[in-house]
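A.B. asks: In case you want the letters, here they are:
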Amino acid sequence: MLTDLTIHELAERFKLGDATPTQAAREYLDRIAALDPKVKAYLTVTGDAALAGAAEADARFKSGTPLGPLDGVPLGVKDVFCTRGVRTTCGSKILDGFVPPYDATVVARLVRAGAVILGKLNMDEFAMGSSTENSAYFTTRNPWDLSRVPGGSSGGSAAAVAADLAAATLGTDTGGSIRQPAAFCGNVGLKPTYGRVSRFGLVAFASSLDQVGPFAKDVLDAALMLQAIAGHDPLDSTSAAIPVPDYAAELSRGVQGLRVGIPAEYFIEGLDAEVEAAVRAAIETLKGLGAKTESVSLPHTEYGLAAYYLIAPAECSSNLARYDGVKYGLRAPGARDLIDMYSRTRGAGFGAEVKRRVMLGTYALSAGYHDAYYGKAQRVRTLIQRDFQKAFERVDVIVAPTTPTVAFKMGEKEDPLSMYLNDVFTIPVNLAGLPGLSVPAGFTKAGLPIGLQLIGKAFDEATLLRTAKAYEAATTWRERKPGLAA
Amino acid sequence: MSGAYDVVIGLEVHAQLLTRTKMFCGCSTVFGAPPNTQTCPICQGMPGTLPVINRRAVEFGIKTSLAIDCTVNADNRFARKHYYYPDMPKNYQISQYEEPLAEHGHLDIEVDGAARRIGIERLHLEEDVGKLIHEGSLETAQSSRVDFNRAGVPLMEIVSKPDIRTSEEAGAYLRGLRAIVVYLGVCDGNMEEGSMRCDANISLKRAGATPLGTKVEVKNMNSFRNVQHALEYEIKRQGRALDAGERIVQETRLWDPDKGQTVSMRSKEFAHDYRYFPEPDLPPLNVEARWVEAVRATLPELPAARRVRFMRAHALTAYDADLLTGSRALADYFEAAVAQCGTPKAVANWILNELLRELPGDDERAVADCAVSPGNLAGLITLIEDGTISGKIAKDVFEKMYRSGEDARTIVSREGLTQVADAGALGAVVDGVLAEHAKVALDYKAGKRAALGFLVGQVMKATAGKASPGVVNSLLAEKLSKL
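Chains as they are written, first to last, in my numbering: chain A, 1 to 486; chain B, 1001 to 1483.
These aren't lab readings, by the way, just hints derived from the structure by calculation.
Just so we're clear, the structure is a prediction, and the values are computed from it rather than from any experiment.
Hints are supplied without guarantee of correctness; some may be wrong.
Covered stretches of chain A, as calculated for chain B (at least 3 residues, CB under 8 Å) [what the hints assert, rightly or not]: (1) 197-207; (2) 313-322.
EDC-like, lysine to aspartate or glutamate: derived pairs with alpha carbons at most 20 Å apart [what the hints assert, rightly or not]: (3) A:Lys-327 x B:Glu-1135; (4) A:Lys-327 x B:Glu-1098; (5) B:Lys-1131 x A:Asp-371; (6) B:Lys-1081 x A:Glu-284; (7) A:Lys-376 x B:Glu-1135.
We put the beta carbon where it would ideally sit given N, CA and C, even for glycine.
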């Protein structure tokens, strides 16, 4: 089955003529038709466009002029990315029926690289959540256990890769929304450095934290995906004009002599014993491969969650102000006047979690509270950045659990705070703007995936990928697949 | 009440910048296109779009900052200002708050010969909003449409210190600021079309007292005259209220030019908490000293300097120099004409008395496109100076020039308006007039000097105005003395 294959395996088949992009696209579309009713990863499947794109790729391979490693490869993208002519909901009712007249830069770059876009993937509304239970449409299931969540907010993107419903996908990570679902679904998830990848066309949640990254079946695929989307974009002033290295070329350098930091603050009460055991075992594996470990301290870690839940809501209250019923998306009927139109539209269009954060953020920015909340949170953010700077004076990469637990049951976390705590290990990385990667590091006895988080220096995704690659090569976790077809 | 209170006025001026494209996207800024034809996903605030700073707008801001002696901040930032209104696509405006482009400047003004320095608090950049088109009046409209063509057009806001004391000073400050932005070519300065807008903060305090009174914000004044009238109205209104022992309510009032009064806006609706925070989609804007100096090198001669030069080099009065330098086009016009005919006083008189009768001097384009070119005005003046035509005829010629665009010499020769200065030809006319009005001639001889004017007039009449007044005068004097 072509759907089993990684991007680089698929590319090899295309090149040898053993398979065509159209065959791959058809297999994926068939599999989506058969299995997605169970997994519920896709909000929108763009079958016709995918087959048209695959046919073009067929022609390029036939004429011996493929565009590169992504040519003809079937991918999916989180519904947070604007796609020209294709409904973009962001998991929200307020954008129901919104069809953007433009592509997000990352989508345009994938398409330019020849990729075939299968469709748009489910997510927590406006990327706010850790389970996809906040999607206004439906909850995506974890392919390893359909009664469990896939994580979030990019749950659809993670589940699609785990269930072989796409060769790889794009997601976004504001507080862990790539790494946490990657850990829950057992795939490689990479959140690049803030500024590494363009945010243009990514529907904003928290602009100073949002970053685009890939979900992949293995580390090489993640490198190939990052290669395609990374680099300065004149349309995003926060994207960095820093050269992009050849990620795949650096992958096999190994970890001999690599200095690996282990932060005590990430091995705390609440960390599941099986997760901790897997992470400690992974550290031993890295040591066995020649890495040198040492303890580092990130003393302000415990304030990360609180700072995040002021900064992210503050920015979201601003970013989501534009959804007012005037220009696009939902406009609730029956308004008496302007204010009534705003209230009805936003009342009907936003879900509970979005409303909670809009209110929280509005409050945090209000006159009289601004400095005590938003201002203080920004100062904490600076302290967390300094923690990492200091640690990275001594080590090349930091290793930690991605999440305190493995995938939880749907409906299990009704209290918002217990849901928020799921992101306690991923949030500081966003606050510091650093790259983070989750790589499969084993399974619990119940057969649920565990993620190992690697945190790197700014713009040093190459070291993360190289470390993950060395670990992946020394383990066999990748060979296991969720038993879905049955 | 006069004298009982000190007036404290601060002005906030918004000037639309004459950049080709908008503040944060590549859309055109041209005025008057059909609704929503000059928009893109960015200036419509569509999901996922991001702003990119227009460097030309920043350059215009720096230019203006230097002209009003502001310090340009090396590190400045954009911030989001939040409030809901349908003409604002994102429901926040990208503006500058804590770290504006420039601060601490001043503008020198002169009112009734007294010079004053008005402090300038800050100059910052921001984006304009769209326009609502209501179906009917605002109160009764059943629906409204939104035109986003203007949304995202670059604006520069210049905030004065509360240093202004009278409505005349406010007028002088605005005229001075307008002249500067127009000279710099960064704004067309048109208040009626809204490319320059002014809001005023005004309060009264007991004469000599330190604590400031409660301030009132006045909006909707779309001309210099309206600003002065609104401020005069407010000074009276607040003075009367204070005299009566009332408290001034802090509020926003709208100037109603038809009624000639300010009207309170419901204060609740406009009690905003803007919830400013740094715009996360834009990195801090670093304005390097090198950039500032490069812009400084492009500064033209500014109105104040030009005014002084006009007075010194062309011996103009302060009043004339002030009017001529009030607009760059007018000052350019003056200099171009003087360069050709060499008579500054005459050129100034013709511009101020005749040209400005035909067109508004503050309309840069009208002056630049004027049918009477500076060269043609100089030609007309030369014809007067060399005695070819009389000053009186010249006014008729000017009118014809203004209507046809022809030069003076063409009109004069076609219509035979050349002044008659030939003593022989005029001698006969003078003899005729003296014969016809012998009694008047005798009155003159008897000492009634005013009679001479009458006789000159009769000669002019007989020659259809073409007689040279100088020659007529000397001929009359000569012939009267012989009587």
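A.B. asks: All hints are to be evaluated individually against the structure, with a verdict given for each.
C.D. replies: Hint check:
| no. | hint | in the structure |
| --- | --- | --- |
| 1 | 197-207 | holds (count 8) |
| 2 | 313-322 | holds (count 6) |
| 3 | A:Lys-327 x B:Glu-1135 | holds (18 Å) |
| 4 | A:Lys-327 x B:Glu-1098 | violated (31 Å) |
| 5 | B:Lys-1131 x A:Asp-371 | violated (34 Å) |
| 6 | B:Lys-1081 x A:Glu-284 | violated (52 Å) |
| 7 | A:Lys-376 x B:Glu-1135 | violated (47 Å) |
Of the numbered hints given earlier, the model fails hints 4, 5, 6 and 7; all others are met.
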